[in-house]
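Starting from the two chains in their separate frames, assemble the complex, guided by the hints.
So the sequence lines, in the order shown, correspond to chains X and P. So that you can map any letter, position 151 of the first sequence is 151 in the working numbering, and since no number is skipped, the others follow by simple counting. So that you can map any letter, position 70 of the second sequence is 279 in the working numbering, and since no number is skipped, the others follow by simple counting.
These aren't lab readings, by the way, just hints derived from the structure by calculation. Some hints here could point you the wrong way.
[Unchecked claim] Part of the chain P face toward chain X, derived, beta carbon under 7 Å:
no.: 1; residue: 236
no.: 2; residue: 245
no.: 3; residue: 274
no.: 4; residue: 276
no.: 5; residue: 324
no.: 6; residue: 328
no.: 7; residue: 542
[What the hints assert, rightly or not] Quick list of simulated restraints, FRET-style, between CB atoms:
no.: 8; chain 1: X; residue 1: 66; chain 2: P; residue 2: 283; range: 32 to 40 Å
no.: 9; chain 1: X; residue 1: 127; chain 2: P; residue 2: 383; range: 20 to 28 Å
no.: 10; chain 1: P; residue 1: 386; chain 2: X; residue 2: 66; range: 49 to 57 Å
no.: 11; chain 1: P; residue 1: 510; chain 2: X; residue 2: 54; range: 42 to 50 Å
no.: 12; chain 1: P; residue 1: 536; chain 2: X; residue 2: 132; range: 27 to 35 Å
no.: 13; chain 1: P; residue 1: 624; chain 2: X; residue 2: 141; range: 56 to 64 Å
no.: 14; chain 1: P; residue 1: 381; chain 2: X; residue 2: 139; range: 48 to 56 Å
no.: 15; chain 1: X; residue 1: 54; chain 2: P; residue 2: 259; range: 31 to 39 Å
no.: 16; chain 1: X; residue 1: 66; chain 2: P; residue 2: 536; range: 48 to 56 Å
no.: 17; chain 1: P; residue 1: 595; chain 2: X; residue 2: 8; range: 54 to 62 Å
no.: 18; chain 1: X; residue 1: 54; chain 2: P; residue 2: 286; range: 40 to 48 Å
no.: 19; chain 1: X; residue 1: 132; chain 2: P; residue 2: 282; range: 35 to 43 Å
no.: 20; chain 1: X; residue 1: 56; chain 2: P; residue 2: 539; range: 25 to 33 Å
no.: 21; chain 1: P; residue 1: 255; chain 2: X; residue 2: 141; range: 41 to 49 Å
Quick reminder that beta carbons are idealized off the backbone N, C-alpha and C, glycines included.
Single-letter residue listing:
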Amino acid sequence: MTIIIPDKEIRFVIGRGIPKPADNQNTDDILPANFMKEPSFRRMGEYVYFNERFIDGKPVMSHPFNDPRYSGGKILIAGANFATGSSREHAPQGLYRFGIRGIIAEGYADIFDGNCATIGIAAVRVSREDISLLVEQIEKDSDTNIIINLLTKSVSYQRMDTGRGIPCDIPEGTRQALINGSWDVLPILQSNEERVGEVALRLPYLRFR
Amino acid sequence: MSKNTLKDKVLDLHTVCRLEDGRRQVFAGVHLVHEVTSAPAFDMLRELGLRVKYPELTYAVCDHVIPTDNSCRPFQDPQAEVLTKTLEDNVREFGINYFGPGKGQGVCHVVFSEQGLILPGMVAVCGDSHTSTYGAFGAFAFGFGTTQVSHVLATQTFAMDKELKVRRIDFNGRLEKGVVSKDTALDMIRKLGAKGGNGFAYEFGGSVVNGMEMEARMTLCNMAPEGGAKSGYINPDGETYNYLAGRRFTPSDISKAIKFWDSIGSNNDAVYDDRREIDVSNLEPMITWGTSSEQAIMVHERMPAVEDYSGKAREEVEKAYLYMGLKPGEKIYGTPVDIIFIGSCTNGRISDLRQASRILKGRKVKVRTLVVPGSESVKGEAEAEGLDKIFLEAGAEWRNPGCSMCLAMNPDKLKPGERCASTSNRNFENRQGKGGRTHLMSPYSAAAAAITGRIVDPGEYL
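This is chain P alone, in the form it adopts within the complex (with noise of 0.2 Å):
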């Protein structure tokens, strides 16, 4: 097992003792609810006539369900307002920190992030499987059920299933132009496979990773899950710090926090599970085609032959072309979308815009052109820019912060057989609205897909 890495120097840290069955009861320093998983943990703590232990450690917003067009109340879907109100009510009887309509309200994951909530060597939960977009500030964090948010609510602890491995991943080399954090996250799980991290947490380093902004960070980290793996977190450094500066509820004095996140990342001894280095230098942006997130490509390769694969994974390739409505051996080039989502906790931040922005400014969008904000601030921030007039005049659609196309939660669905380019970070099958078809890529990637209607390598309108 893993020693001396920001897990095992995090974990220690926060573990209040080892169960009898042999589990460790471990301390959430900061925990993050949204209104799908939380409804039902609320209802639990009712039910036992328990109160939320430490209320100042919860913060909430409401995400998925938001309608980003039309936001008056009541929604005109009756569930999305029900879920909606059963959120605020419980965060009122429990005395909970929300960031409401007006108040910083946005995608769970861009919020907490943007607030300076997630501080490194904290134990970061939530019930979101995203909740990984957190190690991004060296904290450890993951998502887990909602039996377990009821737990961090009674207690602000939970029982730790198993312990995880680390595996240490190197990213070496140079980026080219327009090859952003989404592709090497894409490129490190169809290499690793999209199971390749079941039973780890992912350490990100390496020059590329070290050379990241903060918030490409986010977007690789905010992957983990899509690979397998967890948790994925990146060593805290003089990056994140800058970051963090400033923010509403970062420490004020932060020279002595610091010292303190200096302390807490994996030490040069420290040892791992596995090591792999993954070399991005001839990377180009990348495309998934079928409907597992390692079912990527670059965009100038073909898609695989079917008679690559052999037996069940046979099985599965030819169900995804099949549902996918693509060939085998074609070009993933040229493929023609119709519709493309620009947001989400993968994307959906000031530097994505920005980069959206830098490929739609002057052009016209051929298709229907989504663009979310992942919050208030991101859209204060993106409008202060200017960006929300490049992307109207562009013919995008601007809209209010939430989850949106990412996940057939609200009004924003993918209809069957539609093809969607998109930034989120799942392409299952029916994930965006039954029968839709989703292409992940990145911000820059989808810009030159609204602007072609079909998919391009961006470095040719860069």
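If we strip away everything but chain X, and leave its shape as in the complex, we get (with noise of 0.2 Å):
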């Protein structure tokens, strides 16, 4: 039996944007390592893109996550291969805490990837044209609304020219656990006990020691 948890699930991130297109964004950039020495992910959204945030104790105000313009922005739009590098969930957790729901990239790396799936974060694909049209837009009018919609695998915002949206891609078993929220993965596989049981009984390894 499934455990339905309704109010995690995740049709649509609605939201103003972000825009921060660069290519290869590292873990490093977004969640500098020295921070990680923190015990708890409580205090991680203060630390996004500390570094470039930053310099010497003063806020860098044209940076996208200091700028007022972009202040309480929902959705991230970055580039290609996003948040390559280390395996740390401080990187999607400071996201999240700084208020980030949805990102739209053009790819991301594969760990990363998975910790939002994890975590709850609608992390869409699209292409690098759409990328620049999405940016091109948020310039021009910060408060915009952005909709990725998971059902229709779409990123659209308010007056948009096309009516039918920007197609974006997500990995197809992680779209399905944020529509009906079994992201939030625990206790399903905890209700699977008895076969977990089954499987470390047939591991040839587990006998051998």
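Here you go:
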């Protein structure tokens, strides 16, 4: 039996955008290792892009995560190979705690992609041209609401010229998990305890020792 | 999709079921934890009132924040002390096996490998991207985040977010003197790109890999994530079994195990999603010049011209040159360095230290040189062979095991503008300390840089 968690069903992410379209942004950029010395994720939202956002303790106001025009943005627009590098969940946790609920990028490093799926961030892929289109729109009007629609696998924004939206991609298992709320998967994993025990019994190497 | 590869066979063996969303629930045959990414995971367990389901399948070390010069407790850095103490409390409370100081401590991927904990055919996971190292044993191994660490602690299983494709990469030809596994890894990454492996597991093979010793294979698999591949592995063979025989956690009746291990490698009729061949015959020692692992060249080559790139790629290359303080089109050979780091989960094993010692023996270092063994066992072995004396007589620092200058989470950090010849795995901006400049290379190359104070060809000193 699947355990359904109704308030965790994520079909849409709607919010203003934060444009940061550079390629190959790495996990050390997003969440510098120094802050991983804290034993909890609680304050990670404050440390996102810290080395870029603060120089000699002073905020760099032109950084999209400091720029008041984008304040309160829920959707990050990134480039190719986003969040390459380490497995640190501190990076997506920091983004989440900063307020990010959806990411639109050309592509992701696999571990980061999996971490987003695990904590309920909708991370979708669109083409390079569509990234430029979205960035252009947000820079023109930072109040533009962007919509990630996981049901139709599309991204759109208010007053978009084309009615149909931009096609986006996301691994199908992740999409289903977000839509039906099973991304918060621990209760489901626990419910299969018996079958887990059967696997443990059939693994040859667990009997070798 | 791939068929009958080691990845497919191992994953099928460990699949509990398909969840309703289509994802696999996968059993973790062995689970490794370190202090940094496990702390919030144990907290999640505590919050939910859960115990560790299979404590005998999880093993822990402290490595990232531990100082390697003075390990007296409490540590001078209060945050490091708290994180270490948190791990110690967690392993005690939850009944986890812990390789603490005096009990085999060291860099996680060095310790768990040498203890014989990783066996062919396992699914091995850890909250650390370089978990791919264990692929050298013919395990399907990869890193993931802290929430999944908590899932494995609570259930010994996790949900696989997507199925990886398999790219078979054959390394053929003959390696020149002074050219080693690290060089082949950097060569592969520059050819296939730092994001070339996204969506793939890399299966390494070919005559060069077949001829590699286990520790060289670990270096290659360790670097797979730097090429974008979450996992890298090598089919197990006689070299694997010889390495495993007699280690602390290796099965005592190895013959029974070998029957299974022999069956788990990719079949002859395996289907791959992609195949590549890399000829290493004319490969020189590889050095990274930029801030991505793909920004690597052979030691006698010139750094690329900015004009070779366009658009966003050009901006990135220009940014890398600015950060690194280097000029396009110039030679990397002869670039002065300020500090040398020999160690890490990539190159902190005994064979790496032996390589460094061959060049340092009877010579003096020109710049500050840190030699950091990957584990207490590596340290003991090196000292029994007298390598510590070679390093100390050369003027290098001989440290205690830990991650040290790989990642700026302990006292060993670069200062702004300092240039480091490093055997670690990442050359991102600020990786080794804010404003620090990293050149990735092999232990031979790093040792040659130590005695000359410059990036040079280690072949000249062998």
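So, going through the hints one by one against the coordinates:
no.: 1; hint: 236; result: holds, 4 Å
no.: 2; hint: 245; result: holds, 5 Å
no.: 3; hint: 274; result: holds, 6 Å
no.: 4; hint: 276; result: violated, 13 Å
no.: 5; hint: 324; result: violated, 12 Å
no.: 6; hint: 328; result: holds, 5 Å
no.: 7; hint: 542; result: violated, 26 Å
no.: 8; hint: X:66 / P:283: 32 to 40 Å; result: holds, 36 Å
no.: 9; hint: X:127 / P:383: 20 to 28 Å; result: violated, 43 Å
no.: 10; hint: P:386 / X:66: 49 to 57 Å; result: holds, 52 Å
no.: 11; hint: P:510 / X:54: 42 to 50 Å; result: violated, 37 Å
no.: 12; hint: P:536 / X:132: 27 to 35 Å; result: holds, 31 Å
no.: 13; hint: P:624 / X:141: 56 to 64 Å; result: violated, 43 Å
no.: 14; hint: P:381 / X:139: 48 to 56 Å; result: holds, 50 Å
no.: 15; hint: X:54 / P:259: 31 to 39 Å; result: holds, 38 Å
no.: 16; hint: X:66 / P:536: 48 to 56 Å; result: violated, 32 Å
no.: 17; hint: P:595 / X:8: 54 to 62 Å; result: holds, 60 Å
no.: 18; hint: X:54 / P:286: 40 to 48 Å; result: violated, 21 Å
no.: 19; hint: X:132 / P:282: 35 to 43 Å; result: violated, 54 Å
no.: 20; hint: X:56 / P:539: 25 to 33 Å; result: holds, 31 Å
no.: 21; hint: P:255 / X:141: 41 to 49 Å; result: holds, 46 Å
The earlier numbered hints that this structure contradicts are 4, 5, 7, 9, 11, 13, 16, 18, 19.
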